[in-house]
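Undergrad: Residue numbers (this note's numbering), protein chains in the order written: chain A, 13 to 786; chain B, 355 to 554; chain C, 127 to 444.
Treat the hints loosely; a few may be bogus.
[Stated by the list, open to error] Examples of chain C residues toward chain A, derived with CB under 7 Å:
(1) Tyr-378
(2) Gln-382
(3) Pro-395
(4) Asp-397
(5) Cys-423
(6) Pro-424
(7) Gly-442
The hints are simulated quantities; they were obtained by calculation from the structure and are not laboratory data. Since the structure is predicted, the reported quantities are computational estimates derived from the model, not experimental observations. Note that the Cβ used here is the ideal one computed from N, Cα and C, for glycine as well.
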Amino acid sequence: MTADPRAADPRTAVPLDPSLAPPGTRAFRDAGGIPADRWRADQDGETLVPTHCCFCGVQCGMYLRVDRGGKVFGVEPRNHDINRMRLCPKGINAYQQVNHPDRLTAPLMRRSRDEEFREVSWDDALDFTVAEIRRIQQSHGNDAFGLLGGASLFSEKTYLVGKFARVALKSRHVDYNGRLCMVSAAGANKLAFGIDRAGNPFSDILLTDCLLIAGSNVGECFPVMTQYVWGARDRGASLIVVDPRETAIARTADIHVALKPGTDSAFFNSVLHVVVEEGLTDEAYLAAHATGWEEVKAKVAEYPPYRAAEICGIPVEQITQVARAFARAPKAMAWHARGIEHHSQGVENCLSVINLCTATGHIGRPGAGYGTITGQGNGQGGREHGQKSDLLPGGRSIMNEEHRRQICEIWGIEESELPPAGTSMMEMVWQMQRREIRGLIGICNNPFVSLPNYRVVKEGYDATEFHAQFDFFLSETAANAHVVFPVTTWAEDEGVMANAEARVVKHNKAQDPPPGVRTDTWVMCELARRLGAGDKFAFPDSRAVFDELRIASAGTVNDYYGITYERLEETGGIAWPCPTTDHPGTPRLFEDGRTYHPDGKIHLQVVEWHPPMDPYDDEHPMSLTTGRTVAHFLSGNQTRRLGALVEQTPRPWAELHPSHGFHNGEPVRVVTRRGSEVFPALVTEAIRPDTVFIPYHWPVPTAANALTIDALDPRSKIPEYKVCACRIEHADKIDDVPAPPVAPGQVSYPEPQIARTDPLPPTAPQGRGTSERS
Amino acid sequence: MMGRTIFIDPGRCIGCQACVSACRECDSHRGKSMIHLDYTDEGRSVASLPTVCMHCEDPVAPCAEVCPADAILVTADGVVQQADTTRCIGCANCVNACPFGVPKIDLQAKLQMKCNLCYDRTAYGLAPMCATVCPTGALFYGTVEELQAERPGVQVADIFSFGRSEVRTGVAMVVPADRMQWPVPGGLPVVEINGKDVRR
Amino acid sequence: MLGSRLLENFDSALLPYAVAAVFLAFGVAYRYMVWVSAPGARRLFNQGWRSFFSVANFRKAPTALPRMIATYLGFQKFLGARSHARWAAHQLIFWGCVLAALITFPLTWGWFTFTSGTGSGPGYEMRIWGFKIIGFDSLDVLGWLMFHGLDIAAVLVIPGASYFLWRRMKDRGAITGQRFAYDLVPLIALIVISVTGLLLTFSSVFLHGGGYEFLAVLHMVSVVFTLIYIPFGKFFHIVQRPAAVGMQLFKYTARQDREVFACRRCEEPIDTGPYVDNLRATMRDLSLGFDEWAEYCPRCKRVLRGSAYLSQVKKGFK
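With the hints as constraints, model all of the structure from the sequences given.
TA: Pasting the structure below:
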């Protein structure tokens, strides 16, 4: 029996209501995002609109519940065959964005960054934007104005981003935030297979005998995909997880390879070394379907297990175990994600996995194959139709004369008018720093949180003379812009996305946008019209854009021609390539053993491991790695406003091993060559002692990306988010998480932000337990 | 014995809290989540445990037995309902008597609330919200046969031991086949607390 | 018998009401005995009265009990935390019923009488137990209020009960597990009583007694039914609710002595020490053999159970 802390002072009277209750029972961790009195469910009749989730690349089906007033008010599980009614916490709470009080409902504008934003009419905002584009382009050339898209847009809109940059802005500088996400896998896939997508559908995972997951925290980043992983194990498959942290799937895996960040290709080369040594390669398959095997074999001979074990910091036996488990399995699959892709040798890491799959013959069969898990909802579709600096619609190359000619014909422009290839997103920021790019429009991205080395990013954006941003919440980046266009959420427009399986799914419109809000399509077309390219942008809606996209992709590898809205509604999704309207789509690639290279072979590539770009030294002996947590999505502009998700994970933390002597919740300063920030320590044995993990969804001063390095992969130009050198120090005070920005004069719900000031780390990386601090 | 019910398998749980958010969407208590998700191995692993009401069958609902206001009703199909709003006096007897730590209490409203197995859904044959959305099947709703069809070789146990007492529940745990005949440990007797041996 | 001065003031037209009231008294007494003989209620009942009769308690906080009664039983502030609309509706019903009961029961037993020196007014005297309390003119405001007390009660009850009835048709939370006899019948009964009561007045004032007989019978039947129903249905909460005050007082006493019981594992407060002891005794009465578990908070119970599963059943997937 101890004294009640609240009654410790004898002068304080006992309240008239003397009730006490133990932690976790006395309050409901309210969803906050919606005030409690609006949570009623009345028997008033409702419509269920079938659609998909707006968040990750799994693209779970869901129903949005729409009341008789036409407003989205809830979610209901949908038995779509991707997710079979399952949803993750982000998906369940996604609907709360639609009628959220933080929504932008009028264009915001200011002539200089010293001024406050003020709400203006659409005409004023559009006219000012067009005038600035003209001014910058007339005095500094067309390429001085850039465009950055996003991979959470519908494919129609990503198509428009590319077309708008090349046809309306006539600028070479267009890129998108998939550059921070998918490009390493894309580059590797193109090199090896001549096609950029996962080889097998999710359902093949259920058929496999050995599942290798490299650098993917499936349980948190793609929670609903876990059902396939567990389903495979229920049927007897073994699970190998390669991750520096013991994540939820690694915890129970048959083999968990906790390697040092940035050593993936050494590990996979060594696994292949053992496969070769033990004669487990599928020589017949290699001879028939691959080129470059001899060179690869010679290179992996340089990676005996003892060498790789030293580089990776893992037991030697694990390499042999993994090699045997993977190569001896009748059917084996490898899936990977950002963990091996976010590196200065991201493409090579992916290639080393492809080499392993090819050498063991695990390609193109039910239950055997290779795949990459896209992080953004339209991570797959968003990179296919021309918003990437070097690509044109249908996955065509902007460097290829024939491809250029085809697109110019479809767009009705002269080939001379089509700009050449531009630069990648991070490079564009460097160009902004150097004032080579002086104006920018950003659509559906938040680089202030998502790009590495925040200081450089801020400098680059601050150096622009004009910056406009499209968003439905005021992101940290938009808050620094000159013009902000309020656009629709995913539930207020229709369009398609392609998920991690390259299955094209259709999102349906559930409600009308709030007054003052326009679709991204409308804004881009309207800007194009004012720039004098209106005839090329006469798109009343997504459907019209999609029809042009189908034609623009016809005959290419990424063939969408056979996919129509009607077919998508009937089938629940079609995997491209789908060349004709009676074609069933292609869920599994390479079934006939042919790739999309002209010779039909898999082009194996030699991979040489090299250390990460940020060197370790005595000052910076540890590795900093970054990643996601289950309750938040990317830059957090959407999820940091939803009460349930903020309650689950209110703030970032620094995850470290108990051997450093920190206790849980203690302030820990993480120092890299770019800066330092103080986080509460989450002390756990589930991380390598030489590694620190910080989730990246929050802005400065609690941004992981203020610490990360802006080193790029030379081929894919992906930044090296997953490893940089750091050290940890004791500190006095934890940096506070700032509130998400809102438009001037707008009042947000205060409830979702209460938990944000919690100075403690969550109980576990997945969040606070339901009983913590309630 | 067991009909359609929830089967809990903490081994599959990834701690994502989809169940917690889904519970909040259930129409019979919108905005309030009744499910508990605890990280039971804090500091060592990311292991987690979802807790829904176990709907005790023998003894029938300790929460209802200790209720001084007869507020907790057990339906004919064995579902232990949450407290009747007109009767509950908010004394918290059920909160502290429940061996599984399930009921919650709204101190201001003087009202106990707890999982009622989504009675609004299960009464019509739908699965409860939490088990519908659970991305991993850590919460599974159906019959034992349906469970075993999806997961060959698993067994379920519906008896928990708390010291010398045993409690048989309506909701069951998934256990390895060779442990089926043993009760699932309920946590009592407590052997050590925070590293200290507390056996008296 | 006594209050009506050996039936002298008894109004025979009210006989069925009187019979129902007798049934009510026996029903309540019987239900009450059954209720408080269960271990959970009995122990709390004893603890509540012990706190109530404690002189020390009264000295320390003489106003606590009246304030508790006012907030919990009178203004029912806890209902406001459930929903403001439900609080408002419940207050209407509550005060309506209190008013009606204050008028009906004394009238039934002849404790109140209204007499007029002239035989038919307008000057009346109100007598309680035969003693004149107040004289008034039935035509002035006070008189109107006195004569229409039950109508006022009906006007309070009808909107309150209608709101609850409407909510029970519409709100999915309320509909879940709703039972006709338990949840809807009491509301319907209240509305029938109130409406027929109002119609009686309407009939006598505007229809010169048209349909009065029928309405009177209907009114009587519904009232009698409701009175008999009280011990066995939802209305029993009226009898039970004061237990909330007893429970509060019991915890209040312990809190004043700063006897707070903390969880043996996480050391967060669970409840007051005497409360935990009381609960453990209740559990032992009920042969629930895990009463020592009450010394741990629910979160620790779950964490300990989860750890036991991890270490003794299976650590991971298989």
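Undergrad: Work down the list of hints and note, for each, if the structure agrees.
TA: Status of the hints after comparison with the structure:
The interface hint given for Tyr-378/C holds, since its Cβ lies 4 Å from the closest Cβ of chain A, which is under the 7 Å cut-off. With a cut of 7 Å, the hint placing Gln-382/C at the interface with chain A holds, because the nearest CB-to-CB distance is about 5 Å. The criterion of a C-beta within 7 Å of any C-beta in chain A is met by Pro-395/C, whose closest approach is roughly 5 Å, and the hint holds. Taking 7 Å as the C-beta contact cut-off toward chain A, the hint placing Asp-397/C at the interface holds, the least distance being around 5 Å.
At a threshold of 7 Å, the smallest CB-CB gap from Cys-423/C to chain A is about 4 Å, leaving the interface hint in force. Below 7 Å, beta-carbon pairs count as interface contacts, and Pro-424/C has one with chain A at about 5 Å; its hint therefore holds. Given hint, Gly-442/C at the interface with chain A, holds; its Cβ is 3 Å from that chain's nearest Cβ, closer than 7 Å.
The earlier numbered hints are all upheld by this structure, with none contradicted.
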